[in-house]
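Residue numbers (this note's numbering), protein chains in the order written: chain A, 1 to 155; chain B, 156 to 417; chain C, 418 to 1197.
Derived by calculation from the structure, the hints in this document are not laboratory data. Mixed in with the good hints, there may be bad ones.
Here are the simulated EDC-like cross-link-like pairs (lysine to aspartate or glutamate), alpha carbons at most 16 Å apart as the crow flies [unchecked claim]:
#1 B:K193 / C:D1067
#2 C:K662 / C:D703
#3 B:K193 / A:E18
#4 C:K1193 / B:E400
#5 C:K440 / A:E29
#6 B:K193 / C:D703
#7 C:K420 / C:D944
#8 B:K163 / A:E18
#9 C:K987 / C:E998
#10 C:K1193 / C:E995
#11 B:K411 / C:D1067
#12 B:K201 / A:E29
#13 C:K1015 / C:E995
#14 C:K1139 / C:E1074
#15 B:K193 / C:E1144
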Amino acid sequence: MATVSMTVNGKAVSGEIEGRTLLVQFLRETLGLTGTHVGCDTSQCGACVVHVDGEAVKACSALAASCEGAAVTTIEGMANADGSLGTIQKAFQDNHGLQCGFCTPGMVMSAADLLKNNPNPSETEIREYLEGNLCRCTGYHNIVKSIQAAAEAGA
Amino acid sequence: MYDFEYVKPGSVAEAVAALQSEDAMAISGGQTLLPTMKARLAQPTKLIDLSGMADMTGISVAADSVTIKGATRHVDVERSADLRGVFPALADLAGGIGDPAVRNRGTIGGSVANNDPAACYPAVCMATGATIHTNAKQVAADDFFQGMFDTALDEGELVTGVTFPIPQRANYQKFLQPASRFAMVGVFVAQYASGVRVGVTGASESGVFRWTEAEAALSANFSADAVPTAPSADGMIGDIHGSPEYRAHLVHVMTKRAVAAS
Amino acid sequence: MPKDTGIGAPVTRTEDVRFATGKGRYTDDFTCMGLHYAYFVRSPHAHAKVTGIDKSAAEAAPGVVAVYDGHQLTGDGVGNLICGWGITSKDGTPMNMGAWSALATNTVRYVGDAVAVVIAESLEAAKDAAELVDVTYEELPVVVTVADATAAGAPQIHPEAAGNQIYDWEIGDEAATDAALASAAKVVEMEITNNRLVPNPMEPRAAMAQYDAGQDHLTLHTTSQNPHVARLVLSAFYQIAPEHKLRVIAPDVGGGFGSKIYIYPEEIVCLWAARKAGVPVKWTADRTEAFITDAHGRDHVSTAKMGFDANNKIVGFKVDTQANLGAYMSLFSSSVPTYLYATLLSGQYNIENIHCNVKTYYTNTVPVDAYRGAGRPEACYLIERMMEKSAKELGVSPAELRRTNFIQEFPHQTPVIMAYDIGDFNATLDAAEAAADVAGFAARKAASEAAGKKRGIGYSCYIEACGIAPSKAVGSLGAGVGLWESAEVRVNPVGSVEVLTGSHSHGQGHETTFAQLVSDRLDLPMDSIKIVHGDTDTVQFGMGTYGSRSGAVGMSAIHKALDKVENKVKKIAAHVLEAAESDIVIEGGAVKVQGTDKQMLWHEVGLAAYTAHNLPDDMEPGLKEGAFYDPTNFTFPAGTYICEVEVDPDTGVTTVENFTAADDFGQVINPLIVGGQVHGGIAQGVGQAMLEHAVYDADGQLQAATYMDYTMPRADDLPMFKVSTHETFCPGNPLGIKGCGEAGAIGSPPALVNAVIDAIGTDDIQMPVTPQAVWKAIHG
């Protein structure tokens, strides 16, 4: 066991980990941040996307130990300070961009990463950017609309 | 996955030293290795993390070549303005690997060292006649890639960088395996004063290869119409997504498209 | 005009707040003191005898508290898994059901069949120990396809099923159908396969079992679409615990699509092991486990003949289907290729003579059961491919052939049980043609051809039977359960309303739509209404959510309970306000005497009911009413889907350029949610048609067992969809609802495949129409 320390959603945290502890396990099991989900074993589904030092990362394919000293943001850190839905989250609600909600945290985190790098993406750019995020409920139609709306709202 | 000791060295020298212990493995972005370890298909006792090491990251552009250090991430290659200015096809190739989150972690060194038969980087290495740098030697791409998942790397040796001669024109065309989105067939065409080189990934059971018939034809006449008929299907990969014949056909089509787009 | 939160209003979902902020709670998110983890030892062979299990090394491994095998399970009296719908073969014999133990004892029958379970302090410790369980197998020959199962000398999978046949069932009048085909001016024939699919809800299945020794009581958190059915089956058939000593909680569930209807071996084993080992036990499938244990869908091979008279009217339709049900009979598997399939073979058309023979077989593959649409996609695909092929052979347009044969008068009795109550098939076809700009297709095709591409357009006019289902009807057809729904409406003393429903939401948005019904009826704001579901200790009973039944059946039960609440509220108000009951109206958060200024605020009525200081003499205190609703007929959503594709002849790549859906779902409660259901269904249908295929090799190994090889639809595979609704109101339930959950998956595959066939000019192609398949079809 070793100790890892990082900042998660603005809060300094540390915990005991094994070498093999994945970032997603540290978040879910040690910190109880269960909004980050695990939907596959092969790094394809994107339900576990979080931001590490401001960049989208699949938390199922990153070792917790490698995030020593990093600033991590999860879905739990995406709401406004007053607890209301952040711009992207609100756009997903307004546009019915989620159904069962399981892929939603990863979708929101990927959308935020996209809009940071490309504030006015085209429909094609949005669809291509979501290559690493699977959704089985929405057919992506309303997810794309949600991200377009978030872009218009200046997310 | 099986447990292991995690080691984060500060330099290439420290990493190489750490790799000398038995069953130690290097991890760079981990985008291939971690899923493999999760499936319990690899069992290192010690994992040496190369990510973010100062002497392993960066892109430098010289007069006629570009050198990318081993732990440089795909996203950094994709977004390098310097690189895009002289060799846009390489930046585009990096920007098409995996998905955005994977590109934020995965590295050129990891891709080249792993030599997955469906990886993109080996195609550009072959098509440009790149030089692979390790902590111990420099190897021409033609000699480095030795078949699926097999390279000229010795035990405990690291890919520290790759130098690509800058072509006059180049383009990479990838036909996606529909499920994994890896290259089912990827063709990199690069034209130099000395001639044209064509690197093909995804297609062959022997891993990345140069399509020499196409190179000869295109060196004589660099046009899509000059691309020869499809190579033999013998030795091409056959799986649920494509037969050897289909892959051979796609090599032809993707080569034509790469020439037309370069 | 609808109220802004009433029936028909596009209300944004209340549940989205927790889902969008990461505060949803799915089964794997739950934990408890002393939690242990289960990991299953699974067969790597498709068919083998188990000649020995040596658990000793695993039992001694660090962190392990127990390693159990199937002999211990059956020794403790845990019952075999059952199929709950009995099908009778045409010779009058019952179906041949083979024994299925949650942990295999002497024989394993598919890759993934569980033979032992390790219970350990951590998941990794359980996995480490599982590798030490030494199972000795004696491999047996393998049956993968129906052709394998029926071959001479085929290996016998279950002793109960000679020749691997489960049943040989028929529906309709064979002699009359043969005669009609013999007299037909034209007979069109085709052979068609319906590819095997893996449902793939994004949340993998999971179960957490806790045993309270003091109360002798078990609690199961699980990924279920129907927790009460799970409790019933776990109690009545698997002898886990009597119902009053077993609580099943299905919390937030991340999609189901049918695959979470069934009670699987893992839940049974976790419950049994939690009591036996004396520790709470959690199991969560990894994705590969999901691929090899979640019930698969479809997998039919059929031959069909359709006869037409000289006026292009259909005179007869004859179908022979062989269905692969996998290694064991899953809970409702038997009903899927029979009553959920062949009863829909009349489609939207007036067909006097239909006959269908269905033979089902065991194979050494994952069990097959209902997956979104369940039987109806298979029927629709068969009919709608046949209509398009027939139109080409008859030299008429596909739309014209359909219009010629549409049922125009309702009710309409088909020759295959179903009595369609209402519909307007011309209306949805007209609407789809207009929205798809069919008139502009020729110009778009010319533009594609100028660019070296091929363009095609394909139709599908689907009908489905939903709102599953009238208990008496399904009972007469062999169902082991009734398919009513229950609801309870509680008005609290402060006026807030709780609705306890037996329906279960795993993405469908019931917390919003069901609340809209209450808001509409009682004119109350959404935030004073709570929808409670998914817990057998909280909700009275329920049959769960599948078969597009939550609106038509579940909401009808709420409607009935609301009738009773409204009735009592009016009685109380009439008494207190000294007015005639018939003058009382509920509006604006108050209960008023019409035409006067006399009123009670809504919460004052609630308080009056519970203080009981001033109620009519014969009235019980309280304001809580329950209802069970059992429909009298299925509902029949129908519509037209039109797909337009462009094909790259050099690579075989198909691009979906336009996808148009015009649906008749009856009353729409929330158009936002209905649109989302259609989008998702179409995506799954497009997935089946061009991407997804659960391919096995000859050894029974699933070749597409991860997302590296099973092609899930992604955002860039799909266009924006054009969807619209065109209502005829269902006369069979009080709300006029038909249901919308499955239509997209049912209607879309033939539209896409017909479009590809139109583009490439050959119908020698089967689903999925992958790039390779299309390229081969074009180039021979």
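Structure-based check of all given hints:
1. B:K193 / C:D1067: violated, 38 Å
2. C:K662 / C:D703: violated, 30 Å
3. B:K193 / A:E18: Holds. K193 (chain B) to E18 (chain A) sits at ~14 Å (cutoff 16 Å).
4. C:K1193 / B:E400: Given pair K1193 (chain C), E400 (chain B) holds - Cα atoms ~10 Å apart, limit 16 Å.
5. C:K440 / A:E29: holds, 15 Å
6. B:K193 / C:D703: Holds. K193 (chain B) to D703 (chain C) sits at ~11 Å (cutoff 16 Å).
7. C:K420 / C:D944: The given pair, whose Cα atoms are some 15 Å apart, holds under the 16 Å limit.
8. B:K163 / A:E18: holds, 14 Å
9. C:K987 / C:E998: holds, 6 Å
10. C:K1193 / C:E995: violated, 81 Å
11. B:K411 / C:D1067: Holds. K411 (chain B) to D1067 (chain C) sits at ~11 Å (cutoff 16 Å).
12. B:K201 / A:E29: violated, 24 Å
13. C:K1015 / C:E995: Between K1015 (chain C) and E995 (chain C) the Cα gap is close to 10 Å, so the pair holds against 16 Å.
14. C:K1139 / C:E1074: Roughly 11 Å between the alpha carbons, so the hint for K1139 (chain C) and E1074 (chain C) holds.
15. B:K193 / C:E1144: violated, 51 Å
Hint compliance for this structure: hints 1, 2, 10, 12, 15 are broken, all remaining hints hold.
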